[in-house]
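Q: Below, each chain spelled out in residue letters.
Protein chains: 2
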Amino acid sequence: MPAKITEVVVKDIRFPTSLEAHGSDAMHTDPDYSCAYVIIHTDSNDALEGHGPTFTIGRGTEVVVAAVEAMTFHLIGQDVQAIFDDFGGFWRKFVADSQLRWLGPEKGVVHLATAAIMNALWDLWAKREKKPLWKLLVDMDPEKLVACVDFTYISDCITREEALAILKKNSDTKHERESFLKENGFPAYTTSVGWLGYSDERIQKKCQDALKDGWTMFKMKVGANLEDDIRRAKIIRQEIGYENALMMDCNQRWGVHEAIEWMKPLAEFKPKWIEEPTSPDDVLGHAAIAKALNPLGIGVATGEHCHNRVMFKQFLQSGAMQYCQIDSCRIGGVNEILGPANGQEMSSVCEYVDHLREHFVYPVEMKGPNYLPPTKPGYSTELKPGSIEDHLYPNGRVWEELRKEGKIKNSFGSFSFLCFNNFYKFCIFLFGLLFHFQLLSLGHLCITHSQTGL
Amino acid sequence: MPAKITEVVVKDIRFPTSLEAHGSDAMHTDPDYSCAYVIIHTDSNDALEGHGPTFTIGRGTEVVVAAVEAMTFHLIGQDVQAIFDDFGGFWRKFVADSQLRWLGPEKGVVHLATAAIMNALWDLWAKREKKPLWKLLVDMDPEKLVACVDFTYISDCITREEALAILKKNSDTKHERESFLKENGFPAYTTSVGWLGYSDERIQKKCQDALKDGWTMFKMKVGANLEDDIRRAKIIRQEIGYENALMMDCNQRWGVHEAIEWMKPLAEFKPKWIEEPTSPDDVLGHAAIAKALNPLGIGVATGEHCHNRVMFKQFLQSGAMQYCQIDSCRIGGVNEILGPANGQEMSSVCEYVDHLREHFVYPVEMKGPNYLPPTKPGYSTELKPGSIEDHLYPNGRVWEELRKEGKIKNSFGSFSFLCFNNFYKFCIFLFGLLFHFQLLSLGHLCITHSQTGL
Numbered sequence: 008m009p010a011k012i013t014e015v016v017v018k019d020i021r022f023p024t025s026l027e028a029h030g031s032d033a034m035h036t037d038p039d040y041s042c043a044y045v046i047i048h049t050d051s052n053d054a055l056e057g058h059g060p061t062f063t064i065g066r067g068t069e070v071v072v073a074a075v076e077a078m079t080f081h082l083i084g085q086d087v088q089a090i091f092d093d094f095g096g097f098w099r100k101f102v103a104d105s106q107l108r109w110l111g112p113e114k115g116v117v118h119l120a121t122a123a124i125m126n127a128l129w130d131l132w133a134k135r136e137k138k139p140l141w142k143l144l145v146d147m148d149p150e151k152l153v154a155c156v157d158f159t160y161i162s163d164c165i166t167r168e169e170a171l172a173i174l175k176k177n178s179d180t181k182h183e184r185e186s187f188l189k190e191n192g193f194p195a196y197t198t199s200v201g202w203l204g205y206s207d208e209r210i211q212k213k214c215q216d217a218l219k220d221g222w223t224m225f226k227m228k229v230g231a232n233l234e235d236d237i238r239r240a241k242i243i244r245q246e247i248g249y250e251n252a253l254m255m256d257c258n259q260r261w262g263v264h265e266a267i268e269w270m271k272p273l274a275e276f277k278p279k280w281i282e283e284p285t286s287p288d289d290v291l292g293h294a295a296i297a298k299a300l301n302p303l304g305i306g307v308a309t310g311e312h313c314h315n316r317v318m319f320k321q322f323l324q325s326g327a328m329q330y331c332q333i334d335s336c337r338i339g340g341v342n343e344i345l346g347p348a349n350g351q352e353m354s355s356v357c358e359y360v361d362h363l364r365e366h367f368v369y370p371v372e373m374k375g376p377n378y379l380p381p382t383k384p385g386y387s388t389e390l391k392p393g394s395i396e397d398h399l400y401p402n403g404r405v406w407e408e409l410r411k412e413g414k415i416k417n418s419f420g421s422f423s424f425l426c427f428n429n430f431y432k433f434c435i436f437l438f439g440l441l442f443h444f445q446l447l448s449l450g451h452l453c454i455t456h457s458q459t460g461l
Numbered sequence: 008m009p010a011k012i013t014e015v016v017v018k019d020i021r022f023p024t025s026l027e028a029h030g031s032d033a034m035h036t037d038p039d040y041s042c043a044y045v046i047i048h049t050d051s052n053d054a055l056e057g058h059g060p061t062f063t064i065g066r067g068t069e070v071v072v073a074a075v076e077a078m079t080f081h082l083i084g085q086d087v088q089a090i091f092d093d094f095g096g097f098w099r100k101f102v103a104d105s106q107l108r109w110l111g112p113e114k115g116v117v118h119l120a121t122a123a124i125m126n127a128l129w130d131l132w133a134k135r136e137k138k139p140l141w142k143l144l145v146d147m148d149p150e151k152l153v154a155c156v157d158f159t160y161i162s163d164c165i166t167r168e169e170a171l172a173i174l175k176k177n178s179d180t181k182h183e184r185e186s187f188l189k190e191n192g193f194p195a196y197t198t199s200v201g202w203l204g205y206s207d208e209r210i211q212k213k214c215q216d217a218l219k220d221g222w223t224m225f226k227m228k229v230g231a232n233l234e235d236d237i238r239r240a241k242i243i244r245q246e247i248g249y250e251n252a253l254m255m256d257c258n259q260r261w262g263v264h265e266a267i268e269w270m271k272p273l274a275e276f277k278p279k280w281i282e283e284p285t286s287p288d289d290v291l292g293h294a295a296i297a298k299a300l301n302p303l304g305i306g307v308a309t310g311e312h313c314h315n316r317v318m319f320k321q322f323l324q325s326g327a328m329q330y331c332q333i334d335s336c337r338i339g340g341v342n343e344i345l346g347p348a349n350g351q352e353m354s355s356v357c358e359y360v361d362h363l364r365e366h367f368v369y370p371v372e373m374k375g376p377n378y379l380p381p382t383k384p385g386y387s388t389e390l391k392p393g394s395i396e397d398h399l400y401p402n403g404r405v406w407e408e409l410r411k412e413g414k415i416k417n418s419f420g421s422f423s424f425l426c427f428n429n430f431y432k433f434c435i436f437l438f439g440l441l442f443h444f445q446l447l448s449l450g451h452l453c454i455t456h457s458q459t460g461l
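Protein sequence lines, in the order shown, are assigned to chains A and B. Residues 8 to 461 in my numbering are what the first sequence spells out, letter by letter. Residues 8 to 461 in my numbering are what the second sequence spells out, letter by letter.
Simulated from the structure, these hints should not be mistaken for laboratory data. Values in this document were obtained by computation on a predicted structure and should not be read as measured data.
It does not matter which identical chain is meant; a pair holds if it fits inside one copy or across any two.
Straight-line alpha carbon distances no greater than 25 Å define the calculated SDA-like cross-link-like pairs of lysine to any residue that follow:
#, residue 1, residue 2
1, 137, 92
2, 142, 167
3, 175, 91
4, 298, 326
5, 100, 265
6, 100, 415
7, 18, 401
Please put together the full structure from these sequences, using the hints given.
A: Set out below in C-alpha cells:
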C-alpha cells in the first residue's frame, strides 16, 4: 500500500529515575532515563505509525529534539516504500546533508537524532510487513538487507560483495538458529548486584537472589576506589563462585595507564571483561589496555558510546575491543549496525535491566535469564500513549507533580524519589538477535582484513 | 575587579554565503557561513562582555543554540576570576556534566556549544587584562597556562609536568619570537584559486592575481572527478611553477583505498598535502593513507573536523597526520587546544579567506601574504552590533529582505545571490600564533611518547 510521510512528531520524554539513583555510575551520577521519541505519520489508510526513540539521560533531551526537527524536512512527502527500497542510499543522503553534517559529521546530537528517525522508519516498515523487526530482518533477502547499508568509509574492511557472500553462506542454517532461539531465548547478564553505592550486605543479598533466579553472569561497577572494588569483588566471588561469570565496568573513569594499573590487582577475581576503561574515542588507548590485560585473561568491552561505524571499524581493526556493545540509539539506527561493526561475542550475551517495563506496549519477555524474541509487529520499542503523556518534559503530569511536591528545585536539580528504569538496553538486545541470525561473522571478516591491511 | 556572570545570551547568526557558492566544496555544496554566538555579561562596573562564536554552515545552527542554552546554568552566578584561576578544572566540570555528557561526550553539537562558551570566556579574560588574547597567553606564567588545560585521557602522551617543562624550556626565546612575528607576520596560504566550480580561465586569472599579491602557497579542491583534477592541477602548476607550494583538499570524499589510488596520478604535481582524504574519525585509515603516500612525497593534513584532544592524540600517535589543522570552534575552545594536539607544521601556515571582514569590530590585518597579530584587547572575533542584528536568523533584516525578494523559497532552500565569507579561519589563525609562541614542541613530545608506547 503506497504511503507518503505527512508528519513527523518528536517528543521530549523523561522518567525521573535519578530520584532513586538506579542506573547511576561514576560518570553519570543522576540519570533521568529519557528519550527523544519520534512518531512518523503517513497518508496511508492503514493508520500505521513508526515509533522510534533515541536514549538520553535527562538534561539536553530538548537539544536532540531540536536536531530531529531540523532534519524532518528530509522526510516529509517521501514515499516510505521508496525509502525502504534503497534504505542505504536514503541513509547516506540523510547523514550527508550538506549543512547539517557540519554539526557532526555522524556523531553526537545529530547522530542521536538520526538514530531516532531511522528507528522509527524501521518500526514502520516492520509494522507494514506485520512482523517483529528481527523477523523482518531475518527473512529479508540478502541483497535487500545489504542495500540497507551505507558502506561509505568502511569498504577498506568490508565491501557490499563480501557482506553479501557472508549472508548467503550462512543462510542455510538460518532456520535452525531461529528455532533454537525461539525455544531457548537469548542469554542475558545482570548488573543489579554491583552498583557502586550498595552496602556489602545488599551486594550479598542481591547475589543470592540473582542466583536463585538462575543468573550465571554478573556485572559490577568499579573505578571510584580501588580498595572498595577489591572488597566488593571478593564478596561477589564468594557468593557466585568461579563457575559463574563476573564482568567489570568503569564507565570511562580512567586514563590509559591508570586503567592497566587499576585492573592488575582485580585480575585475581577473574573478570571476563573491563568495560569502557577510558575515553570511548580512544581506539589506540583501548588497544594498549587490551594488549596489557590480555595476559591476565581480561578482555576489553566497549561500544555504548562508540559513535559510528568508522569507530567500530577501527576498534575491531586494532584489537581494541574483544566485546562489542553496539547501540542502535547511539549510532545511526539499524542501518549502521548492519554494516561493519560486530564483535566476536556481541551476540553471545546482552545486558538486562528490568525497569520501565510497564511503559512499553509490548514489554520484553524473559525465559529465566534469557530474552525471548518479540512477537508483535514492529520494533517493540513503542511506549504506551499514557506513559508518553505523563512523562512529557517539562509539563507532563509526573513532572508537574514533582514540582508541586517540591521534589524538583529547578529544571536542573537532582532529586531523590520514585523509580523507573532502562529501555534502551532493549534496543541493543534486538540487535543481538539480529546478529545471531544473520551477521555473526561479518566482524571476523572485518578484523581479518584489517589486521593484514595495517 | 570582581565580576559575577549575570547573563549568557546566545544568537543564531547566519550569512547567506551560499548565494554565490563561495567556500563550497564537494561535501558542503551550499554553506551559509553562520555561528552560534555567545555573549557573556557580568555585574562588573567595567561593562566588559565576553563574545565567543562557534562556526556552523546554516541549517542546524539553532540546535547549537539550544545546546548553549542547556549549558548556561553552569555559568550563571559564577565569579569569572575563580573560573580563570582554575580554568582547566572548570572546563572539566563543564564537559563532564553528568547528564549532558551523554549527548557527546565531548563531540558534536555539545562540544561546538562548549567551544562558543569557552571562547567567550577567553575573550572576556583578555579584555579584562586589556590585551589581545594571543598576548594574554604569551605573557602567562607557564604554571597558570598549564592550569587551563584538562589532561584527562591524554596523560599517557603528555602530563602536566611534561607540558610545564616544555614551556619553561622555551621561555628564554619567547621575546625574540614575539618581535619577529610582530615585524613579519604569520604566513598564510590562499584557497581562492582552486574552488571546484571555477572555469580553467578563471583558475589561470586567479593564479596570476594571487602571484602578483605575493602569495607563495596555493590550495585546490579535488575529489569530484579525477580527469578534471589532473587538468586543473596542470593549469595551476603552469601558472605558479614548482617553486611555490600546492596543496590539495578533498573534504572527506573518499574511502581509504580510493584516497590512495586517486592521489597516485596527482603525485606528479607534487602536492605538499592531501587534506581530509577520508572520514575525519578514521585515525587508522589516515595512517594507512599517510604510509602509502609518504613515498610519493605527499603528507596528510586533517583536523578541521577532528572533534577533541583524544582524537588529535591518536592522529599524532599513529603518524596519521603530518599537518595538524586544529580549530578552536570545533574542539572545546582554547583550553583544549592548549593540551595535547599540535602538529609539526601547524604553526607554519594558516589558511586565508578574506570574506566577512567588514562584519568584525577588529578585522584581521595582513602584511602581504602574512597575518599580523591582533592588537586590540580580547579575542578579536567580536562582530559589529549592526552585523549581528542584520543577520539574525530567521528574522534579521538580511533574511527578511531575501524572503521578500523571493530568494529564499523556505528556510531550507539553497539560493544564489550576495556574497560574504569566512571568519572561523580567523579563529584558527589566532591559535597558530599561540603555538608559535608557546607550544610548538608539545606535539613532538606527544608523538615521541606514543610511538614508543604502542
